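Heads up: the protein sequence lines correspond to chains A and B, in order.
Numbering follows this note's numbering, in which position 125 of the first sequence is assigned residue number 125; successive positions increment by one, without gaps.
Numbers given in this note's numbering equal positions in the second sequence, counted from 1, plus 1000.
Just so you know, the hints here were simulated from the structure itself, not pulled from any lab data.
All values derive from a computational prediction rather than experimental measurement.
Every residue, glycine too, gets a C-beta built ideally from N, C-alpha and C.
Check before you lean on any hint, since a few could be wrong.
[As the list claims (entries may be wrong)] Partial list, derived from the structure: chain A residues whose beta carbon lies under 10 angstroms from chain B: (1) 19; (2) 20; (3) 23; (4) 107; (5) 110; (6) 114; (7) 121; (8) 127; (9) 129; (10) 137; (11) 138; (12) 170; (13) 213; (14) 227; (15) 255; (16) 273.
[Claimed, not checked] To spell it out: a stretch of chain A is covered by chain B in this simulated footprint if at least three of its residues, at any positions, have a beta carbon under 8 angstroms from a beta carbon of chain B; those stretches are: (17) 214-222; (18) 265-272.
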Amino acid sequence: MEWQEVVKRLFQNKISLIGLLLVIAFALIAIFAPWIAPPADPRDPYMVPRDGWGFEPQPPAEGHIFGTAEGQYDIFYGIIWGTRTAFRIGFIIVGISSFIGIFIGTISAYYGGWLDEILMRITDIFMAIPFLIAAIVMTTILGQGLRNVMIALITFGWMNTARLMRSQVLAIKEEEFVMAADALGASDLRIIFKHVIINTIFPLVIEASMRMGSMVITASTLSFLGIGAPQGYADWGQMISFARNWILGGEGNAIKYWYTVVIPGSAITFFCLSWNLIGDAFRDILDPKLQ
Amino acid sequence: MISYIVRRLLILPIILIGVTLLVFSMIMMLSPYQRLSTYVTDPSQLKNVDVDVLVSRYGLDDPWYEQYGRWIKGVAQGDLGWSESAGATVNQAFVDRFPATAELGILALLPVVLGGIILGVFASVHHNDIWDHVSRVLAIIGWSVPTFVFGLIMLMIFYGTLGWLPPSRLSGWGLEIVNSSAFINYTGFFILDGLLNGNLAIVGNAIRHLIAPVVTISILWWAFIMRITRSSMLEILRKDYIRTARSKGVKENVVVYKHAVRNALIPVVTVAGRMVLGLLGGLVITETIFNIEGLGQFMAQAAQQLDYPAVLGGTLYFGFLLIVINLCVDVSYAVIDPRIRLG
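Could you put the whole structure together from the sequences, leaning on the hints where they help?
Below, the structure written as structure tokens:
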């Protein structure tokens, strides 16, 4: 299927259209963050401003339309600038780990033999470690911080792409047009880039789209556990970790502090939802068995 | 088939050594003093102590292969070392925490698999009509909610507001009974032990404490199983033998449930391995939020405190589990579907 056709169908499909619109909305929020929530200190816009030093969260009110979290961090500001953090985390992790996966999967399948065997056993080893545990250990060792979270998630996030790419390349290697290119004397690099990768790109895009959501969830999970973003950094996971002490509410009203969980929780959920909707619709469009 | 299994089992130790080497090399990024400090619980322990003597006494500045060799030697003798965060040997810590995790995991597996399959079949039968879209969108939403957010909201509503589903494994009075000498801990599974002891109050209490964590873990995987069941069903429903069955007047229900579902479930089996690992990630978060003292919570704690004997032991254990489960899945795949030949 030509890519123009795929894009056309993505826009025709209601489910993916919702996903696309959501992603566009988040992108607009990220781009216009300085205007939506002007930073107090333009040199350090990712630090969420605090309104005093009080411990107890304050409900939505004028000046803080989403309320404040524990420590009087403004939730609205954290959500708006956290959108940028989420995009950055997602794109960097998915981009780099996909690149590693594509590289390993392609040379593994294309050259085969002992190289394939070694690379796939290495992949197995990385896959045999529980992802979240590995990410926690590595982030703890490297030290708190989003950069280290990203390094950890890239280190343990490339294996599925590598396997997917390998199976794709194995299938396409036997196709006549690749053999023809080979017979015509095209170099390995030319065959890989011009014929193989171009023809295997769609399943990878689906996989990457689904991974955008799950990687942002994992990164925010690490922040929630207290080993991700530094204190006060605009990050959705951290906004929720501020809520941990207030889950059970107080004064006979258990959902008194609902906004500390529900608002940042919705932000993460909608962000992941948008990418998953696109990935899901994509898969339907491209799966010839389901036409 | 036998030679395939043997070959896979021969690779097993290589993978396990690779896995532990990988974790070990991460830990070796810390200096000997940092690794020593994971054993210090109170700064006063360091008074009148020469840190360098301690480092060399425990061989923390030896070359990495000597340290790794010592650890492997211990493993071969069944000794995984001492876990500082558990205050016990790693073996004992695992044994103590295993039942809580297994109970939760096993109970979660049933609703996940059943619910996912039912939803998937339902969506495929209603392909492209409103029910298909609704169940798919619901599944994607379930897949998009972070486990920790869902767990916190569960706690807020069903514990904080309604008081129905409390966290941890048992209520205070229940724990007293379980820890008393009159109650015999056969398995460590509180539901099973309650039944064996004839104490239905414990059974009820344990179930009440398990509902919220089980739902929290399941929600994510429903979507996963549903998705695979749906596409597999759609493929099968287009097969010629289904058309034949329909054309000879077999009832639609029989066609769907007898002819199609059975065959459509084959791919579902293959994802079981992936799901077990995924469940484990979910367990880490769920146990932490619901304060269940299981392996997931223990691993998260150990990882954060860099309690490396526990982390190494844990990766060894789960790596082993994963490889064995994957092997079982591959073999059962070949058993269920005679078209597949393992080579």
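Verification of the hints:
| no. | hint | verdict |
| --- | --- | --- |
| 1 | 19 | holds, 9 angstroms |
| 2 | 20 | violated, 14 angstroms |
| 3 | 23 | violated, 13 angstroms |
| 4 | 107 | violated, 20 angstroms |
| 5 | 110 | violated, 21 angstroms |
| 6 | 114 | violated, 14 angstroms |
| 7 | 121 | holds, 7 angstroms |
| 8 | 127 | holds, 8 angstroms |
| 9 | 129 | holds, 5 angstroms |
| 10 | 137 | holds, 5 angstroms |
| 11 | 138 | holds, 6 angstroms |
| 12 | 170 | violated, 15 angstroms |
| 13 | 213 | holds, 6 angstroms |
| 14 | 227 | holds, 6 angstroms |
| 15 | 255 | holds, 6 angstroms |
| 16 | 273 | holds, 4 angstroms |
| 17 | 214-222 | holds (count 3) |
| 18 | 265-272 | holds (count 5) |
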